[in-house]
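As given, the protein sequences belong to chains A and B, one line each in that order. Here the first sequence is numbered in this note's numbering, starting from 1 and rising by one per residue. Here the second sequence is numbered in this note's numbering, starting from 1 and rising by one per residue.
I should point out that these hints are in silico values taken from the structure, not numbers from a laboratory. A few of these clues could be false.
Unchecked claim - Pairs of lysine to any residue residues, derived as SDA-like cross-links and limited to a Cα-Cα distance of at most 20 Å, are as follows:
1. K414/A / T102/B
2. K530/A / G121/B
3. K267/A / R36/B
4. K414/A / W274/A
5. K530/A / Q493/A
6. K37/B / R415/A
7. K530/A / I574/A
8. K414/A / I41/B
9. K267/A / G340/A
10. K93/B / E129/B
11. K37/B / N269/A
12. K37/B / N334/A
13. K414/A / N34/B
14. K37/B / A55/B
15. K267/A / A422/A
16. K37/B / F443/A
17. K267/A / M316/A
18. K37/B / S557/A
19. K37/B / V565/A
20. K414/A / K37/B
21. K530/A / R40/B
22. K267/A / L126/B
23. K37/B / P344/A
24. K530/A / G546/A
25. K414/A / P35/B
26. K37/B / W274/A
27. K93/B / G137/B
28. K93/B / T120/B
29. K93/B / L126/B
30. K530/A / R415/A
Claimed, not checked - Pairwise CB distance ranges (calculated):
31. A76/B / V167/A: 45 to 53 Å
32. P152/A / A55/B: 56 to 64 Å
33. Q131/B / V167/A: 26 to 34 Å
34. P152/A / Q131/B: 51 to 59 Å
35. D604/A / A76/B: 34 to 42 Å
36. A438/A / A55/B: 35 to 43 Å
37. E566/A / G130/B: 17 to 25 Å
38. I44/B / V167/A: 24 to 32 Å
39. I44/B / E566/A: 55 to 63 Å
40. A52/B / I5/A: 42 to 50 Å
Beta carbons: idealized from backbone N, C-alpha and C, even for Gly.
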Amino acid sequence: MTVEIGHFALVLALIVALVQTVAPLIGARRNDAALMAAGNPLAMTQFFLVAVSFGALCAAYMASDFSVRNVWENSHTLKPMLYKFTGVWGNHEGSMLLWVLILAIFGASVPAFGRHLPSRLKANVIAVQGSISVAFLTFIIFTSNPFLRLNPAPFEGRDLNPILQDVGLAIHPPLLYLGYVGFSITFAFAVAALIEGRVDSAWARWVRPWALAAWLFLTLGISMGSYWAYYELGWGGWWFWDPVENASLMPWLSGTALLHSAIVVEKRNALKVWTILLAIITFSLSLLGTFLVRSGVLTSVHTFATDPARGMFILMILMVFIGGSLTLFAARANAVTGGGLFAPVSREGALVFNNLFLSAACATVFVGTLYPLFHEALTGAKISVGPPFFNLTVLPLCLPLLLAIPFGPFLTWKRADLAGVAQRLMWVAGLALVAAIASAAMFDFRAALSAVAIGLGVWLMAGAIAELLYRARFEWSAPADGLRRLFNLPRAQWGAMLGHLGVGVMVLGIAGHGWRTEVIEEISIGETVKVAAYELRLERVEQEQGPNYVQDVAVFSAARNGVQVEELRPAKRIYPARQMPTTEAGIETRLFSQLYVSVGEVRDGGRTIVARLYHKPFITLIWIGTLIMALGGAVSLADRRLRIGVPKAARARGSVEGAAA
Amino acid sequence: MLRGSLGSHLSMKGKSREGRFKTIKEDGDWMPMNPRKRNRIIIIAAAGVVLAGAAGLSLYALNDQIVFFKSPSDIASEGLAPGTRVRIGGLVKEGSWTQDGTSHVFAVTDTAQELVVAYTGILPDLFREGQGVVLDGALTPEGRFVADTVLAKHDENYMPAEVAEALKAQGHWIDDQGNYGKADAAEPAKP
Chain A
1 MTVEIGHFAL
11 VLALIVALVQ
21 TVAPLIGARR
31 NDAALMAAGN
41 PLAMTQFFLV
51 AVSFGALCAA
61 YMASDFSVRN
71 VWENSHTLKP
81 MLYKFTGVWG
91 NHEGSMLLWV
101 LILAIFGASV
111 PAFGRHLPSR
121 LKANVIAVQG
131 SISVAFLTFI
141 IFTSNPFLRL
151 NPAPFEGRDL
161 NPILQDVGLA
171 IHPPLLYLGY
181 VGFSITFAFA
191 VAALIEGRVD
201 SAWARWVRPW
211 ALAAWLFLTL
221 GISMGSYWAY
231 YELGWGGWWF
241 WDPVENASLM
251 PWLSGTALLH
261 SAIVVEKRNA
271 LKVWTILLAI
281 ITFSLSLLGT
291 FLVRSGVLTS
301 VHTFATDPAR
311 GMFILMILMV
321 FIGGSLTLFA
331 ARANAVTGGG
341 LFAPVSREGA
351 LVFNNLFLSA
361 ACATVFVGTL
371 YPLFHEALTG
381 AKISVGPPFF
391 NLTVLPLCLP
401 LLLAIPFGPF
411 LTWKRADLAG
421 VAQRLMWVAG
431 LALVAAIASA
441 AMFDFRAALS
451 AVAIGLGVWL
461 MAGAIAELLY
471 RARFEWSAPA
481 DGLRRLFNLP
491 RAQWGAMLGH
501 LGVGVMVLGI
511 AGHGWRTEVI
521 EEISIGETVK
531 VAAYELRLER
541 VEQEQGPNYV
551 QDVAVFSAAR
561 NGVQVEELRP
571 AKRIYPARQM
581 PTTEAGIETR
591 LFSQLYVSVG
601 EVRDGGRTIV
611 ARLYHKPFIT
621 LIWIGTLIMA
631 LGGAVSLADR
641 RLRIGVPKAA
651 RARGSVEGAA
661 A
Chain B
1 MLRGSLGSHL
11 SMKGKSREGR
21 FKTIKEDGDW
31 MPMNPRKRNR
41 IIIIAAAGVV
51 LAGAAGLSLY
61 ALNDQIVFFK
71 SPSDIASEGL
81 APGTRVRIGG
91 LVKEGSWTQD
101 GTSHVFAVTD
111 TAQELVVAYT
121 GILPDLFREG
131 QGVVLDGALT
141 PEGRFVADTV
151 LAKHDENYMP
161 AEVAEALKAQ
171 GHWIDDQGNY
181 GKADAAEPAK
191 P
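With the rest of the complex left out, here is chain A (with noise of 0.2 Å):
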C-alpha cells in the first residue's frame, strides 16, 4: 500500500511540476501577482509529495518488499539496516529519485528563505525550477520507476552490490547532489534574469549564497567520494581522471569559477553577461555528470549497471535545457550591459584571471572526456583518454592559476599596485622557497616535482595567512588591537582566507606522491615486508562472518625502527547473495601520513596472501584541504551581509525599478 501511495505521490508531483512550471511564468509576463505568488505553495507542494515518494521506497527497502522489484534487486533481509536504507540511492532508480527529491528541497527553499526576492525574479526562478523537476520526474516515471511490483514476491533479494555497502554510500552520493542539483537554483537564477533582462548587484547578492551552497556540498561530495574511492576499490589511489570523476570535476571548475565572477558582480556590477553564461554552464555540467554516470556511454571504473536507452533521455534533457538557457542567452544576453570600470590590474582582473584559467581547466576536461565519443563518432574507431593527457592539460593550467591566488585578494578593486602587492608578499615567496628546498632535501632530491608542490602549498598558505594578517593590520598597530581586529574581519574574508588556505593544504598533500612506497608481494604467515620506515609481519589470517558476508582477515603487525604501532587488518569478503568478493583495506594513520594494505588474493587455504602495502606521506592532507575548503565555504555562508533575503536596500530599489516597468 505504502509502494502505491509512493508511486501515486511522485504522479501528482509531475502534475504539480507541470502547472509550477507554467502558471509563475504567466504570471510574471502578465503582471498578475496572484499568479506569481502561486509559485510559492506549488514547490512546497512539489518537495512534500517528492518526500512522501522518497518515504515510500525508503520504507520499501527497510521492510525488504521484495514484491517491488527495485527492493528485489537491490535489498536482501540480512543486509545490515544502515545499508538497507542507503541501498535505496544505491541503485538507478533510487538514486534518480533522491536526485528530484533534492532538487524539490531546493526548489522549496526558494520560497522558504527568498522571502524578501523581488516577485517577479522569484516566479521565475520557481518556474525555471519546476521545468527541471518537470524533466527529471517524467525520466523517472517513464523510464526509472522504482515502484513496480513483482508477481509472484520472491522470498529473498538478490543483494545491494558489496561495494556499495559501505558507509560511503550513506554520504558521498547525498552530498555529491547536493552540489549538482545545488547548481539548479543558479541555473534557475539566471534564466530568470535573462527572461526579465535585468541584473543587478542585488541579483548577485541572491545567487551568490546559491552558489556558494552548491559548491561547498559539491566540493564535499567529490572529495567524500575520492576517499571512498581510495579505501574501498583497494588501488590506493584517489584519483583516476575517470570519465565520472571529470564528470563532477568539471561543474566543480565552473562552479568555483561562478562563485568568483558573482563577486565581480555584486561589488562592481561587472562581468554580468559572464556569470550568467557561467551559471548556465555549471548547470549544464552538472547535467551532463548526470548523464555520463547515468547512461555508462564511457567506460569508467565507477560504472555500475547502465542502460543506454536511460542515457538517451537524458541526453534529450540536456539538449532542450543547455540548447534552450544557450539560446536565451544568445537572444537576450545584450539586454544586461553596462557594469563598473576597472584596469587589467585590480581585483577584478585578478578574479577574471581565475576565471580564466578555471574555465580552460574545465574546457580541457571537457575535451578529454568527451573526446574519446567525438573520435568513435568520426572516425569509427574506439579510443581510450587517460591519466597522462590530463596531467599534461590541466596541471600546466593550474600552476599560474596558483601562483596568483595569493595577490588576488590583496589587489584593490577597481585598480591595484602590483609591485607593492609583491612586496608585502616577498616573506610569504621566501617562506614557500625554502621549504621547497628543505622537503627536496629531507626526503628525496630526486622527487623535483613534490618539493615544487610543497612550496606551492606553503605559499598558498602563508599567502592566505598573510592577506588577512594585513587586513587586521597587524603590522602597524599594537598586537592586542589586531587581534581584536582580525576576529572582527567580515566572515566572509575569513571564508575565503580558508578556501584559499585549503587549497594550499591539498597541495602538500598531492606532493607527498612524489616520495610514496608501494610494494606488491606475496607473504606467508610470518614474513616480514620493508615499506618506507615500518617493518609489517603477517601474523595470521583469521577467518570471521559478517552479516552477510564472510571474510578473511590478514593481521599485521607494523613495526617502526622497532617501535610497534597499530595493528592492520585488512580483509578480502566475500558476499554469498552475489558471490562476490570486496577488498577492505587495512588503514594506519600516523598524523597526515598513512600505511595502507589491502589482499589481493588469500592463497593455500589462509598460509599465503598476495597484498598491497603502500607508504603514503601526507595523504590525508588532500581531504583535509578539501575539508578546509568547504569550511571556508561555510564560513562564508554564514555571513551576515550573504544571508538570504537580507539585502533589503537593494529590494527597495529592485521593487521601484519594477514598478517603474
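Based on these hints, arrange chain B on the given structure of chain A.
Chain B in isolation, oriented as in the chain A frame:
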C-alpha cells in the same frame, strides 16, 4: 518597456563611471580611448591567449596520449608495433590463466582470435576465466603483450561497453545467463 527603463538607468550609471575613469593615464595610444572597449579588448586578448594555450596543450597531449581500443582480432589482422599503447577488450579464455607469485599470464579472446597477456600485480576482485576484461598495455620488443592495468567488471550486471561491442561485432554476443544482458534485455530475468 522594461528594456527602455533599464537601458537609461544603466547608461546613466555608465557615463558617470567613465567620466571618473578618464583620468587614468593611458600607456598605449593605439588602443581605443574608450575604457570600456579597451577593457573588453584586453580581456578578449587574454582569454584568447589562455584558450589558445589550453587548446595547444590539449592537441599536443591528444596526439601523444590517446590509446586506441583493439580486439584480439584487430591485433591479429593489423599487427601492433612494439611500444604502442593499446587498450584491449575481450574475455579471459577458459583454462588459460596461470600465476606465479604476483605474475600472471592469461589469454584474452574475442572467440575468433586470442592474445596472450602478461601482468604483474594484483588482478581485480572480479577477474575470472570466461569473464570480460579491459586491459591497457603494450607489446614488448620480444613480442609479448604486457598489461599494466586490468579492469574487470564492477558487478555482475556490468560489462565494459567495448567488450560488449567487440563481442557483438564478432557475432559472439552471449546472453545465456542474463549476466551481460542488462544492456540488451529490457526485462530482467524473473526469479
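The hints, checked one at a time:
1. Taking the CA atoms of K414/A and T102/B, the gap is about 62 Å. The hint is violated against a cut of 20 Å.
2. Taking the CA atoms of K530/A and G121/B, the gap is about 18 Å. The hint holds against a cut of 20 Å.
3. Taken as a hint, the K267/A and R36/B pair is honoured in the structure, with Cα atoms around 18 Å apart against an allowance of 20 Å.
4. Taking the CA atoms of K414/A and W274/A, the gap is about 18 Å. The hint holds against a cut of 20 Å.
5. The suggested pairing of K530/A with Q493/A is violated, with an alpha-carbon distance near 47 Å, which exceeds 20 Å.
6. Between the alpha carbons of K37/B and R415/A the distance comes to roughly 17 Å, so the proposed pair stays at or under 20 Å and holds.
7. Distance check on the hinted pair: K530/A and I574/A sit about 29 Å apart at the alpha-carbon level, beyond 20 Å; violated.
8. With a CA separation close to 17 Å, the supplied pair K414/A and I41/B stays within the 20 Å bound.
9. Distance check on the hinted pair: K267/A and G340/A sit about 9 Å apart at the alpha-carbon level, within 20 Å; holds.
10. A threshold of 20 Å between alpha carbons decides the hint, and for K93/B with E129/B the separation of about 6 Å falls inside it, so the pair holds.
11. For a cut-off of 20 Å, the pair hint linking K37/B to N269/A stands: about 17 Å separates their Cα positions.
12. With a CA separation close to 15 Å, the supplied pair K37/B and N334/A stays within the 20 Å bound.
13. Distance hint between K414/A and N34/B is fulfilled; the C-alpha atoms sit about 16 Å from each other, no more than 20 Å.
14. Between the alpha carbons of K37/B and A55/B the distance comes to roughly 26 Å, so the proposed pair goes past 20 Å and is violated.
15. The hinted pair formed by K267/A and A422/A fails the criterion: a straight-line CA distance of about 24 Å is larger than 20 Å.
16. Taking the CA atoms of K37/B and F443/A, the gap is about 52 Å. The hint is violated against a cut of 20 Å.
17. The straight-line distance between the Cα atoms of K267/A and M316/A is roughly 38 Å, outside the 20 Å bound, and the hint therefore fails.
18. Between K37/B and S557/A the CA atoms are separated by roughly 69 Å; this puts the pair beyond 20 Å, and the hint is violated.
19. For the hint pairing K37/B with V565/A, the CA-to-CA distance comes to about 66 Å; that exceeds 20 Å, so the pair is violated.
20. Under the criterion of a C-alpha separation no larger than 20 Å, the hint pairing K414/A with K37/B is consistent with the structure, at around 16 Å.
21. Restraint check for K530/A and R40/B: the C-alpha separation of about 60 Å exceeds 20 Å, so the hint is violated.
22. Between the alpha carbons of K267/A and L126/B the distance comes to roughly 55 Å, so the proposed pair goes past 20 Å and is violated.
23. As the CA atoms of K37/B and P344/A are separated by approximately 13 Å, the hinted pair is consistent with the 20 Å bound.
24. As the CA atoms of K530/A and G546/A are separated by approximately 31 Å, the hinted pair breaks the 20 Å bound.
25. Distance check on the hinted pair: K414/A and P35/B sit about 12 Å apart at the alpha-carbon level, within 20 Å; holds.
26. Among the hinted pairs, K37/B with W274/A is consistent with the structure: their alpha-carbon atoms are about 16 Å apart, no more than 20 Å.
27. Annotation: proposed proximity of K93/B to G137/B holds, straight-line Cα distance about 18 Å (limit 20 Å).
28. Using a Cα cut-off of 20 Å, the hinted pair K93/B and T120/B holds, with the two alpha carbons roughly 18 Å apart.
29. A threshold of 20 Å between alpha carbons decides the hint, and for K93/B with L126/B the separation of about 15 Å falls inside it, so the pair holds.
30. A distance of roughly 58 Å separates the Cα atoms of K530/A and R415/A; the hinted pair therefore is violated under the 20 Å criterion.
31. Distance hint check: the CB atoms of A76/B and V167/A are about 47 Å apart, consistent with the given range 45 to 53 Å.
32. At about 59 Å, the beta-carbon gap between P152/A and A55/B stays in the expected band of 56 to 64 Å.
33. The supplied range of 26 to 34 Å is met by Q131/B and V167/A, whose beta-carbon atoms lie about 29 Å from each other.
34. Between P152/A and Q131/B the CB atoms are about 32 Å apart, so this pair departs from the stated range of 51 to 59 Å.
35. As the Cβ distance of D604/A to A76/B is approximately 37 Å, the hint placing it in 34 to 42 Å holds.
36. Evaluation of the 35 to 43 Å hint for A438/A and A55/B yields a pass: the beta carbon distance comes to about 38 Å.
37. For the pair E566/A and G130/B, the beta carbons lie near 41 Å from each other, so the given range of 17 to 25 Å is not met.
38. A hinted range of 24 to 32 Å for the beta carbons of I44/B and V167/A is inconsistent with their spacing of about 49 Å.
39. In this structure, I44/B and E566/A meet the distance hint of 55 to 63 Å, their C-beta atoms being roughly 58 Å apart.
40. Separation of A52/B from I5/A is about 58 Å and departs from the stated range, judged on CB atoms against 42 to 50 Å.
In this structure, the hints that do not hold are numbers 1, 5, 7, 14, 15, 16, 17, 18, 19, 21, 22, 24, 30, 34, 37, 38 and 40, in rising order.
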